[in-house]
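K.L.:
Just so you know, the sequences run in chain order A and B. Residue 110 in the working numbering is what sits at position 110 of the first sequence, and the numbering runs on without skipping anything. Residue 27 in the working numbering is what sits at position 27 of the second sequence, and the numbering runs on without skipping anything.
No lab work stands behind these hints, which were simulated from the structure alone. Every residue gets a Cβ at the ideal spot worked out from N, C-alpha and C, and that includes glycine. Keep in mind that a hint or two might mislead.
Using 35 Å as the maximum straight-line C-alpha spacing, the simulated DSBU-like pairs for lysine-lysine come out as follows [what the hints assert, rightly or not]:
1. K57/B with K83/B
2. K56/A with K42/B
3. K54/A with K57/B
4. K38/A with K83/B
5. K101/B with K38/A
6. K5/A with K71/A
7. K56/A with K68/A
What the simulated footprint calls covered on chain A by chain B, stretch by stretch (three residues with Cβ under 8 Å from a Cβ of chain B suffice, anywhere in the stretch; the number is not a length) [to be verified]:
8. 37–45
9. 101–110
A few chain A residues that don't get close to chain B, going by computed Cβ distances all over 10 Å [unchecked claim]:
10. R17
11. I18
12. I53
13. R61
14. T63
15. L66
16. S69
17. P114
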Amino acid sequence: DQQVKQNSPSLSVQEGRISILNCDYTNSMFDYFLWYKKYPAEGPTFLISISSIKDKNEDGRFTVFLNKSAKHLSLHIVPSQPGDSAVYFCAATPGGTSYGKLTFGQGTILTVHP
Amino acid sequence: EPEVTQTPSHQVTQMGQEVILRCVPISNHLYFYWYRQILGQKVEFLVSFYNNEISEKSEIFDDQFSVERPDGSNFTLKIRSTKLEDSAMYFCASSTERSRKAFFGQGTRLTVV
Numbered sequence: 001d002q003q004v005k006q007n008s009p010s011l012s013v014q015e016g017r018i019s020i021l022n023c024d025y026t027n028s029m030f031d032y033f034l035w036y037k038k039y040p041a042e043g044p045t046f047l048i049s050i051s052s053i054k055d056k057n058e059d060g061r062f063t064v065f066l067n068k069s070a071k072h073l074s075l076h077i078v079p080s081q082p083g084d085s086a087v088y089f090c091a092a093t094p095g096g097t098s099y100g101k102l103t104f105g106q107g108t109i110l111t112v113h114p
Numbered sequence: 001e002p003e004v005t006q007t008p009s010h011q012v013t014q015m016g017q018e019v020i021l022r023c024v025p026i027s028n029h030l031y032f033y034w035y036r037q038i039l040g041q042k043v044e045f046l047v048s049f050y051n052n053e054i055s056e057k058s059e060i061f062d063d064q065f066s067v068e069r070p071d072g073s074n075f076t077l078k079i080r081s082t083k084l085e086d087s088a089m090y091f092c093a094s095s096t097e098r099s100r101k102a103f104f105g106q107g108t109r110l111t112v113v
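Just chain A, with the same shape it has in the complex (with noise of 0.2 Å):
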């Protein structure tokens, strides 16, 4: 199941510098995106999320990217900071009856270096 990835098993970033993390997805009934982070031992987060409609949403440090032709999205870290450090998984829903179905992508380990 390919329906979202995540190409980029790792990145690694100064500290102060922008982080962008990206993910592909094929499945056009995908409406809603979101970002979550995790750490070890943790289960996932939610960061931040966009809906189809939009093409950019920001939420302080983090902002996402949503270029629907492409069917591309992207998370930038503006500025990272160590503690920033951990897996990053984009996820997509569609709408209908699976609402809330996540699938999620492979996600990225970012490090990000003091």
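Since the structure of chain A is already known, use the hints to place chain B on it.
P.N.:
Chain B alone, transformed into the frame defined by chain A:
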């Protein structure tokens, strides 16, 4: 801040035994989910539950699995006869009626030996 609570944090069971994983969702949430993550793999959807019935389930969620909301606060996942391949982290999640943002518990690590 309200959170989803799962117990136990780690369960070891023998193949063929029944296990029950427990979850207390956030109190005003109405949609409940179970997901699992096999080591090194994606987080996978198992089942969603709303209004005291299953609203959707994946191919993984076969007859060996069942879910129940036995009272107003708990949500359980039962695996009737565990297999080695059921070893995984199991995450419970919940969401409000009008939101697709699911909030996850810390997970139960199930090890089948």
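K.L.:
With reference to the structure, classify each hint as holding or not holding.
P.N.:
Taking the hints in turn, this is what the structure says about them:
Under the criterion of a C-alpha separation no larger than 35 Å, the hint pairing K57/B with K83/B is consistent with the structure, at around 19 Å. Restraint check for K56/A and K42/B: the C-alpha separation of about 26 Å stays at or below 35 Å, so the hint holds. For the proposed pair K54/A and K57/B, the alpha carbon gap of about 29 Å is at most 35 Å, so the pair holds. For a cut-off of 35 Å, the pair hint linking K38/A to K83/B stands: about 27 Å separates their Cα positions.
Between K101/B and K38/A, the direct Cα distance comes to roughly 15 Å. Compliance with the 35 Å bound is thereby established for this hinted pair. A distance of roughly 11 Å separates the Cα atoms of K5/A and K71/A; the hinted pair therefore holds under the 35 Å criterion. For the proposed pair K56/A and K68/A, the alpha carbon gap of about 11 Å is at most 35 Å, so the pair holds. For the stretch 37–45 of chain A, the proposed coverage by chain B is satisfied: 5 residues have a C-beta within less than 8 Å of a C-beta in that chain, meeting the threshold of three.
For the stretch 101–110 of chain A, the stated coverage by chain B holds: 7 residues have a C-beta nearer than 8 Å to a C-beta of that chain, and at least 3 were required. Against the 10 Å criterion, R17/A stays outside the reach of chain B, whose nearest CB is about 28 Å from its own CB. Listed as outside the interface, I18/A is consistent with that label: its C-beta sits roughly 25 Å from the nearest C-beta of chain B, beyond the 10 Å cut-off. Here I53/A stays apart from chain B, with its beta-carbon at least about 14 Å from theirs, past the 10 Å limit.
At roughly 19 Å from the closest C-beta of chain B, the C-beta of R61/A stays outside 10 Å, upholding its exclusion from the interface. Under the 10 Å C-beta cut-off, the non-interface status given to T63/A relative to chain B holds; the minimum distance is some 17 Å. No beta-carbon of chain B is positioned within 10 Å of the beta-carbon of L66/A; the least distance is around 15 Å. Distance to chain B confirms S69/A as a non-interface residue, since its nearest Cβ pair spans about 22 Å, more than 10 Å.
Non-interface status of P114/A relative to chain B is upheld: no Cβ of that chain comes within 10 Å, the nearest being about 27 Å off.
The structure agrees with every numbered hint stated previously.
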